[in-house]
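2 protein chains.
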Amino acid sequence: MNTLREALFAPQSVAIVGQSNDVSKTAGRPLKFLRQMGYAGRVYPINPGRDSVLGERAWPTLAALPEVPDHAYVVTSSDAAVEAVAACGNHGVKVATVLADGFTEAGEAGDQRVARLRAICKATGIRVVGPSSLGIVDLRTRAMLTANAAFDEPELPAGRIFAASHSGSMIGSLLSRGKARGIGFAGLVSVGNEVDLSLGEICEATLDDPGIDGYMLFLETMRNAEALRRFALAAHERGKPILAYKLGRSEAARELAVSHTGALAGEDDVADAFLADCGIARVTTLDGLIEGLPLMMRLRAPASRRAAVGVVTTTGGGATMVVDPLSVQGVSITQPSAETLARFKAAGIDVKPARIVDVTLAGARYDVMKAALDILTTAPEYDVILAVIGSSARFHPELAVKPIVDCAGSAKPLAACLVPDAPDALAMLSEAGVPSFRTPEACADAIAAALRRRAPRPAPKQVVRPAPGGGRMLDEVEAGALIERFGIPRAPAVVLDAGITRVPALPFAYPVVVKALSAEIAHKTEAGGVVLGVANDDALLAAITQIRANVAQRAPNTRILRLLVQPMVSGIGEALIGYRVDPAAGPLVMVAAGGILTELYRDRSLRLAPVDLAIAREMIGEVRGLQAFAGFRGRPKGDLDALAEAIVALSRLAEEPSVVEAEINPLIVRTDGVVAVDALVKRA
Amino acid sequence: MNTLREALFAPQSVAIVGQSNDVSKTAGRPLKFLRQMGYAGRVYPINPGRDSVLGERAWPTLAALPEVPDHAYVVTSSDAAVEAVAACGNHGVKVATVLADGFTEAGEAGDQRVARLRAICKATGIRVVGPSSLGIVDLRTRAMLTANAAFDEPELPAGRIFAASHSGSMIGSLLSRGKARGIGFAGLVSVGNEVDLSLGEICEATLDDPGIDGYMLFLETMRNAEALRRFALAAHERGKPILAYKLGRSEAARELAVSHTGALAGEDDVADAFLADCGIARVTTLDGLIEGLPLMMRLRAPASRRAAVGVVTTTGGGATMVVDPLSVQGVSITQPSAETLARFKAAGIDVKPARIVDVTLAGARYDVMKAALDILTTAPEYDVILAVIGSSARFHPELAVKPIVDCAGSAKPLAACLVPDAPDALAMLSEAGVPSFRTPEACADAIAAALRRRAPRPAPKQVVRPAPGGGRMLDEVEAGALIERFGIPRAPAVVLDAGITRVPALPFAYPVVVKALSAEIAHKTEAGGVVLGVANDDALLAAITQIRANVAQRAPNTRILRLLVQPMVSGIGEALIGYRVDPAAGPLVMVAAGGILTELYRDRSLRLAPVDLAIAREMIGEVRGLQAFAGFRGRPKGDLDALAEAIVALSRLAEEPSVVEAEINPLIVRTDGVVAVDALVKRA
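Protein sequences, first through last, are from chains A and B.
Per the working numbering, the very first residue in the first sequence carries number 82; after that it's consecutive.
Per the working numbering, the very first residue in the second sequence carries number 82; after that it's consecutive.
No lab work stands behind these hints, which were simulated from the structure alone.
Honestly, I wouldn't trust all of these hints.
Identical copies go unnamed one by one, so any copy, or any two together, can satisfy a pair.
[To be verified] Simulated pairs of lysine-lysine, DSS-like, Cα-Cα distance not exceeding 25 Å:
| id | residue 1 | residue 2 |
| --- | --- | --- |
| 1 | Lys433 | Lys483 |
| 2 | Lys426 | Lys718 |
| 3 | Lys542 | Lys718 |
| 4 | Lys718 | Lys203 |
| 5 | Lys106 | Lys493 |
| 6 | Lys426 | Lys542 |
| 7 | Lys763 | Lys542 |
| 8 | Lys483 | Lys106 |
| 9 | Lys433 | Lys106 |
| 10 | Lys542 | Lys433 |
This is chain A alone, in the form it adopts within the complex (with noise of 0.2 Å):
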């Protein structure tokens, strides 16, 4: 007994501490269980008020066992939970996992608690999974120690998928899920509220494992981000995937993660591109988690360049239920290249030149679908081929499913979706390895998001930051200066002083802008702080003394000392840059359609920082409002290369710890170069 990983999965001893003699109680299921499957190793129940427990013998105290125990599962409620982790820690036990809850989603009691176990992992170096976990089984070692009803199966589905979750609930709904359709799992864990082991440590502890090819994960929050990262990019360096399905697209789910959790919930889009970034493939269904994987360890390694699927079927209506959704999310659905539509006609299939190679008129014939499926695997122009099959798939697998189980073996990835109810069919398929989908929807969702993956970006150098909380803005001078070193070009400035009653000789030319300088004021323009188009030195003093009076006005308690005047910049429109500091995903860049368009479509792209001027421009792709800079019809194209060097430069705050903030409103797109005329930045 060495590793973290065999205390976790392969324990020789375990003891479950607060077991019940009612099965019907959550606290009587894991004894229950762990009999049931033969787990091989020695158990040890703990009930210090009874003899014995549904038939065995029940031990006092953890004190009083022949030996001490790997792994301890704690199934007492809260505060008798850390009293017995606080025991296992004395005694050396390797790890506790903890199913009561009251801990990080309990106000000021649970927080005691969460400073009590962290402070007992400390000092006794027991690791905990939970609190609030549901378990953690594998199903190769029959280690079930699980409370979860959903694990009273009959027959396990053992295979090579580790699941974790940060729901308890779900690790077996994914188990019954899966073993429904044929996908098997090495083990699942519900990793509770991660007061200690991450999720991300914890599946970092079975990378090496043999029999584990992927991993599939439910997320209800973003906890721990770092250590994700770590795995993941280890997981890619493995060659086994990662598929993740990721509650909060929404308001109120992001409220539940935080009543339930007691977690931030930070925004969907930084969640995604904390993912993307790190190679972790997202879906959007719960079917398609289940059935994603497959299809996954298939690709290997993530596209390098935008995949193309050819499809071939049928039913040609069934086969647009995929297509669909699959072109809805920009996946490219390829017709046939002349040589392939030629091989067709040589080998007797009738099929139309178009993007779905429907061969229901040469009909659903073994003979027929077998030699589309030799010829669309061995076509160059494609990367994944997928067969959608109609009626015959319920009762005649025998004729067009059959050909893709003799297909499995090609040299390209090929998958499968059944259109009508076809349990056998699919049945059949997963036997043979054949990625397969029983709905239009899961399988479109899965293979968008195998195709959308990347490889992950290398983590950036680690950087000390200081502690969340508090920071100080810069004012618009030391903001710009910081902005300049750091590469981005901005308006030259003039600082006056409020109290002049002559201009000095200025070094640009009116039109001017005038804007009140102080670090205390985010909003200088609702303030009443800027006034625009200053004609001359006469309307400057003006403006000078009605921003004082406004800023008098709205912002009583701030006095505007210094003044900034710029020229008037124009270009052919404008962009917004930013950076910050995500307290669960860490540095991030984001370019966003200037003004209101920004606000009113929420049309931006995300990226962790730092990013290479090739990342930049994937941003800039992404926002659609960028798109009228782009040439669009016949408009002026707008210098996209400076703004992608201006996205890069403004990533690199990333290497800067102190900072914490940074906003370009507006960046000045001008046909050649950009110009920033407004800056924020917070520091530490």
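Starting from the known structure of chain A, fit chain B onto it as the hints suggest.
Just chain B now, kept in the frame of chain A:
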């Protein structure tokens, strides 16, 4: 034998023209299925080449039969099928269903066959289903006129839903998937290419069938929209809901609709507006289509206001999987009121005040869930209650699923979603008539579709419209006069002769805009036909010269004889409103944010025209870009009432059959009123 319905669904005798002796062939199946299912009527296989087929007497011709069959299923190939229909028509057969393809999708030869079929219908009075119809079946009379292999079912799921599909393969998939989910059918029809009887007409024929409670539609296109609308309105009057899935959200899918059926593939938001205005709910998942109708039947009338959904669960994470997509689709998930929470407390059920009523702490027990459902189904703040059940549903439906069954008769619609794989519990729910869902996505899809549904708007008075194609653009003066007549304010204008050498006195002040006045130039700005900001008489003469020179160069065939002069009109922004007669959906009115936004974000709202003020306001609320005029971030408010009035006015063009298209772009939005500064109108 009198009605079309009886001939279609309850024929007393049927002929199978072209019945094959080989059951492995498509043309061999109809007789097999009729016998297998125990059809009680008389069956006449017609096959001139054989004395017997499948062990039964085969007849050489229709004329040889001892009676005139009510319905003939013609399973011969294209040309032979046309001749068979002619023979049926001449012989007095009421309805023929045609399996063959080779019609609307088959180019010129196909068009000739279509014309001939229509001529036969007209001359003989026979009605035709198809061609390309995989059949029409009634599960009660066992009139199984189908060649779809999926009907080879040992036990057919008879029930109270009627399904109609453009795709022939799909009727088999709807049947088998329905069966798997306890959803039964009264009948199903594959309508094929609708050369004679359309989907709407066939469904209309079933409206007074007391055994049908609702309709399930699988649409590939929007053909014969008028009949569909007529059917939808009549179904609504009878309280029979219609649920539709429609392909064509992507370009790739629209391409298929064209190649597959020869149909016009309209824009998807036009179809969406059409279905909504017909009171037809639209889902985007196949499971949502299968599982959605029971909920709609429970909801009876469409919601008259924004409905509130109450959610109770034994799995917070699982419930959030439903709440997340529901919220993204704008469905309101409501926290229990203080009164309702007090009732939970009084019942001894510990729930936190949150949108999702999570009874996990109280336990997944019968008494807890039953009490929770009794409270929620009688809480006045809710319109629909959804129960999301976790792990216990798999092996212990008696705990949290049975209470749902026992509340099936509650006053409020109650639906269930099961998170684990739990086929027995699902069957229990379906059996009890509780709307239930296998996946969170189908559940959210169906609930959102059901709650989005509104009562259909009465069809406008029928207007005879000229055939599509052709038409003539009005010049801007004519167009302006027309829209003004319909009540839309426009900028004042003066027409000048291109040859003038002195400018007459203008009825408005400089600066003005000068525009080429010609019906031949649709895009005046791109032809150099517009000069803005003209400051005085000399500049106006120069502008005329410039416009003539520009147009002479860019549009050499157009001579500019007259020009339009208008004052420069400014406002706080612009909108675009449009009207057109869609070939499928009929008259439509549209509003969009002005300028480049409309195109970049495809941000527009459509309705069937005409509309009233309430609907015009709804449309404005659906265009995100127009929220900029609603007082967004302290900006001046635009006169959205005036914009709504302009939409209503433009929509009244539906009563003017000679107008096929009109667009006002831009319509300047001011703080007080709106002004059209340019208008395009096309007359038939």
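Check your understanding: Is the C-alpha distance from Lys763 to Lys542 at most 25 Å within one copy, between copies, in both cases, or in neither?
Key -> within (22 Å within a copy, 63 Å between copies)
Practice item. Check Lys433 against Lys483 for me: Cα-Cα at most 25 Å, and say if that holds within a copy, between copies, both or neither. Key: The answer is within: 24 Å in one copy meets 25 Å, while 52 Å across copies does not.
Exercise for review: Can you give me the call for Lys426 and Lys542, within, between, both or neither, at a CA distance of at most 25 Å?
Suggested key: Cα proximity of Lys426 and Lys542: none, with 56 Å in one copy and 53 Å across.
Review point. Can you tell me if Lys542 and Lys433 fall within 25 Å by alpha carbon in one copy, between copies, both or neither?
Key: Neither: 54 Å inside a copy, 43 Å across copies.
Exercise for review: Can you give me the call for Lys433 and Lys106, within, between, both or neither, at a CA distance of at most 25 Å?
Suggested key: between (62 Å within a copy, 22 Å between copies)
**Study point:** Up to 25 Å CA-CA - Lys718 versus Lys426, copy category
**Key:** neither (46 Å within a copy, 64 Å between copies)
Review point. When no copy is named, should Lys542 and Lys718 be tagged within, between, both, or neither for a Cα gap of at most 25 Å?
Key: Close neither inside one copy (36 Å) nor across copies (49 Å); limit 25 Å.
Review point. For the identical chains here, do Lys483 and Lys106 meet the 25 Å Cα criterion within one copy, between copies, both, or neither?
Key: between (46 Å within a copy, 19 Å between copies)
Exercise for review: Classify it for me, Lys106 with Lys493: is the Cα-Cα distance of at most 25 Å met within a copy, between copies, both or neither?
Suggested key: Answer is neither; intra-copy 50 Å and inter-copy 32 Å both fail.
Exercise for review: Can you give me the call for Lys718 and Lys203, within, between, both or neither, at a CA distance of at most 25 Å?
Suggested key: Neither, since 59 Å and 59 Å both go past 25 Å.
Hints 2, 3, 4, 5, 6, 10, counting from the list given before, are not met by this structure.
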